[in-house]
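A.B. asks: Now for the letters of each chain:
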Amino acid sequence: MIKIKNLEFSYNRKTRLLSDLNLQLEAGHIHGLLGKNGEGKSTLLKLISGLVFPTQGEICVMGFEPRKRHPEMLQEIFFLPEELPQILLSIENYEKVYAPFYPKFNSEQFDNYLKEFEIDSKKSALNKLSQGQKKKVFIAFGLATNTKLLLMDEPSNGLDIPSKGQFRRMVASAIDDERCLVISTHQVRDLDSLIDGIIIMEGHEIVFNEPIENITKKLLFKVVDRNESNDTEIYSEDSLRGRYQVSENITGEESKLDIELLFNAVIANKNRVKNLFSTKNN
Amino acid sequence: MEFKDNQAIYLQIGDYVCEQILLGRWNEGERILSVRELGVALEVNPNTVLRTFDFLQSIEIIFNKRGVGYFVVEQAKSKIIEYRRKQFLENELPVIFRSMEILGMKIEDLNQQYKIYLKSNP
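These protein sequences, in sequence, are chains A and B.
For the first sequence, counting from 1, position 205 maps to 1703 in this note's numbering; every step adds exactly one.
For the second sequence, counting from 1, position 23 maps to 1074 in this note's numbering; every step adds exactly one.
A few of these clues could be false.
To be verified - Ranges between beta-carbon positions, derived for each pair:
| no. | chain 1 | residue 1 | chain 2 | residue 2 | range |
| --- | --- | --- | --- | --- | --- |
| 1 | A | Lys-1626 | B | Gln-1071 | 40 to 46 angstroms |
| 2 | A | Asn-1769 | B | Asn-1057 | 46 to 52 angstroms |
| 3 | B | Gln-1071 | A | Gly-1536 | 44 to 50 angstroms |
| 4 | A | Arg-1770 | B | Lys-1055 | 49 to 55 angstroms |
| 5 | B | Arg-1117 | A | Arg-1687 | 36 to 42 angstroms |
| 6 | B | Lys-1055 | A | Asp-1729 | 26 to 32 angstroms |
| 7 | B | Glu-1152 | A | Lys-1613 | 41 to 47 angstroms |
| 8 | A | Lys-1768 | B | Gln-1071 | 40 to 46 angstroms |
| 9 | A | Arg-1687 | B | Gln-1071 | 23 to 29 angstroms |
Claimed, not checked - Below, a list of computed lysine-lysine pairs in the DSS-like style, where the Cα atoms sit at most 30 angstroms apart:
| no. | chain 1 | residue 1 | chain 2 | residue 2 |
| --- | --- | --- | --- | --- |
| 10 | A | Lys-1716 | B | Lys-1055 |
| 11 | B | Lys-1157 | A | Lys-1715 |
| 12 | A | Lys-1662 | B | Lys-1130 |
| 13 | A | Lys-1716 | B | Lys-1170 |
| 14 | B | Lys-1116 | A | Lys-1646 |
| 15 | A | Lys-1754 | B | Lys-1055 |
| 16 | B | Lys-1137 | A | Lys-1720 |
| 17 | A | Lys-1772 | B | Lys-1055 |
| 18 | A | Lys-1754 | B | Lys-1170 |
| 19 | B | Lys-1055 | A | Lys-1768 |
| 20 | B | Lys-1130 | A | Lys-1715 |
| 21 | A | Lys-1715 | B | Lys-1055 |
| 22 | A | Lys-1720 | B | Lys-1170 |
| 23 | B | Lys-1128 | A | Lys-1754 |
| 24 | B | Lys-1055 | A | Lys-1720 |
| 25 | B | Lys-1130 | A | Lys-1754 |
| 26 | A | Lys-1534 | B | Lys-1055 |
| 27 | A | Lys-1544 | A | Lys-1662 |
| 28 | A | Lys-1768 | A | Lys-1534 |
| 29 | B | Lys-1170 | B | Lys-1137 |
None of these hints come from the bench; they were simulated from the model.
For glycine and all other residues, C-beta sits at the position ideal for the given N, C-alpha and C.
Put together the whole structure using the sequences plus the hints.
C.D. replies: This is the structure:
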């Protein structure tokens, strides 16, 4: 679906934002894109959708080069930016104008999603809606385009409590073997049951990209005794329940992946995690 | 669905399915929700549900009819109980034993409590 090789990108000559970035993503998964502020997550999504161009390196999306903005590629990509555009149209007219760009757009599906999000009237003007409601409209629209690639930048930001569950249900129903979702987020607890692949960006590049099944095969997330010491530990944090630890999984025990803990472990101990996952012996 | 921190999500979904069968909400021999339907209901990735179904198939609690869907096997209830007992003895009991050791309790000390429990839950 997406292949990126030796990508380099900078907004100005002085600072390089991305360098020697490599990434390969397959359809049929919901990838969570994680990284600290300013690491270039949004920029990466823009590069994939052809909104900005690489300084060097190759990007291949469904066989196309995004910078050429080939219509056949664009009709299969929907990008939901974090900052939504100012649009003066009503929901109804927005659909009329923008849906035709997406051949697989399904109007009935759009209506159902809006209904689930409790947006009652399609006559409402988009710029009269609250930020959260507007986000819901664009999420609903994006899912209803049925594009093969759906990129969402912080989609759960600004959503109220009930709509986070609604969002998870919609995404769970929308994913299939043909579709690929990339969701950049800091709100990992909102999406933790939805994501089945984790991508971590740090220091201009991708430092981690693994399916969840693999992660829990190689890593063990567990609360251990404060005094217990073992050399399989990669990272730990003190919690009320004891020491919450990420360690090498040598027993084959299955634990629940904690995305926040994984993220901190990768940032703190990048090379050790990298080595652990690069040994392809099992 | 609220997930606990101490067990893989796909196994927690497995427990959920087993519970539905034990409670008689899903019957032996009948078709159960599809991977996608259960994913939507529990707000989880359908790939995770698929992993649950693979696992439940491997311990012979459900089976797949190609192109039709997943079904609860006949005798599923007794298989679940057998599986759950094994889990209890291997995973939950050692935790209780450990607490008892720390607190200096003997197995006889539990007898009285167990009798009270049986009385109040006839």
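A.B. asks: Does each hint hold? Answer for all of them.
C.D. replies: Each hint tested on the structure:
Taking the beta carbon of each, Lys-1626 of chain A and Gln-1071 of chain B are about 45 angstroms apart, inside 40 to 46 angstroms as hinted. Distance hint for Asn-1769 of chain A and Asn-1057 of chain B: a CB-CB separation of about 29 angstroms, inconsistent with the stated range 46 to 52 angstroms. Here the CB-CB span from Gln-1071 of chain B to Gly-1536 of chain A is close to 46 angstroms, well matched to the stated 44 to 50 angstroms. Checked against the given bound of 49 to 55 angstroms, the beta carbons of Arg-1770 of chain A and Lys-1055 of chain B, roughly 28 angstroms apart, lie outside it.
For Arg-1117 of chain B and Arg-1687 of chain A, the Cβ-Cβ distance of about 37 angstroms falls inside the hinted range of 36 to 42 angstroms, so the restraint holds. Checked against the hint of 26 to 32 angstroms, the C-beta distance between Lys-1055 of chain B and Asp-1729 of chain A comes to roughly 28 angstroms, which is consistent with it. Between Glu-1152 of chain B and Lys-1613 of chain A the Cβ separation comes to about 56 angstroms, which falls outside the hinted range of 41 to 47 angstroms. A hinted range of 40 to 46 angstroms for the beta carbons of Lys-1768 of chain A and Gln-1071 of chain B is consistent with their spacing of about 43 angstroms.
For Arg-1687 of chain A paired with Gln-1071 of chain B, a C-beta distance near 26 angstroms keeps the hint of 23 to 29 angstroms intact. Annotation: proposed proximity of Lys-1716 of chain A to Lys-1055 of chain B holds, straight-line Cα distance about 20 angstroms (limit 30 angstroms). Taking the CA atoms of Lys-1157 of chain B and Lys-1715 of chain A, the gap is near 38 angstroms; set against the 30 angstroms cutoff, the hint is violated. Between Lys-1662 of chain A and Lys-1130 of chain B, the direct Cα distance comes to roughly 37 angstroms. Violation of the 30 angstroms bound is thereby established for this hinted pair.
Proximity of Lys-1716 of chain A to Lys-1170 of chain B is assessed by CA-CA distance (about 47 angstroms); at most 30 angstroms being required, the pair is judged violated. Of the supplied pair hints, the one linking Lys-1116 of chain B and Lys-1646 of chain A holds, its CA atoms being roughly 29 angstroms apart against a limit of 30 angstroms. Using a Cα cut-off of 30 angstroms, the hinted pair Lys-1754 of chain A and Lys-1055 of chain B holds, with the two alpha carbons roughly 8 angstroms apart. A distance of roughly 22 angstroms separates the Cα atoms of Lys-1137 of chain B and Lys-1720 of chain A; the hinted pair therefore holds under the 30 angstroms criterion.
Between Lys-1772 of chain A and Lys-1055 of chain B, the direct Cα distance comes to roughly 28 angstroms. Compliance with the 30 angstroms bound is thereby established for this hinted pair. Distance restraint check for Lys-1754 of chain A and Lys-1170 of chain B: the Cα-Cα separation of roughly 37 angstroms exceeds the 30 angstroms cut-off, and the hinted pair is therefore not satisfied. Proximity of Lys-1055 of chain B to Lys-1768 of chain A is assessed by CA-CA distance (about 28 angstroms); at most 30 angstroms being required, the pair is judged to hold. A C-alpha spacing of about 27 angstroms is found between Lys-1130 of chain B and Lys-1715 of chain A, which places the hinted pair at or below 30 angstroms, so the restraint holds.
A C-alpha spacing of about 19 angstroms is found between Lys-1715 of chain A and Lys-1055 of chain B, which places the hinted pair at or below 30 angstroms, so the restraint holds. Between Lys-1720 of chain A and Lys-1170 of chain B the CA atoms are separated by roughly 37 angstroms; this puts the pair beyond 30 angstroms, and the hint is violated. Straight-line distance between C-alpha atoms of Lys-1128 of chain B and Lys-1754 of chain A comes to about 26 angstroms, which keeps the hinted pair within the 30 angstroms bound. For the given pair, Lys-1055 of chain B sits about 12 angstroms from Lys-1720 of chain A by alpha-carbon distance, which is consistent with the 30 angstroms threshold.
Distance check on the hinted pair: Lys-1130 of chain B and Lys-1754 of chain A sit about 25 angstroms apart at the alpha-carbon level, within 30 angstroms; holds. With a CA separation close to 27 angstroms, the supplied pair Lys-1534 of chain A and Lys-1055 of chain B stays within the 30 angstroms bound. Distance restraint check for Lys-1544 of chain A and Lys-1662 of chain A: the Cα-Cα separation of roughly 25 angstroms lies within the 30 angstroms cut-off, and the hinted pair is therefore satisfied. Under the criterion of a C-alpha separation no larger than 30 angstroms, the hint pairing Lys-1768 of chain A with Lys-1534 of chain A is consistent with the structure, at around 14 angstroms.
Restraint check for Lys-1170 of chain B and Lys-1137 of chain B: the C-alpha separation of about 26 angstroms stays at or below 30 angstroms, so the hint holds.
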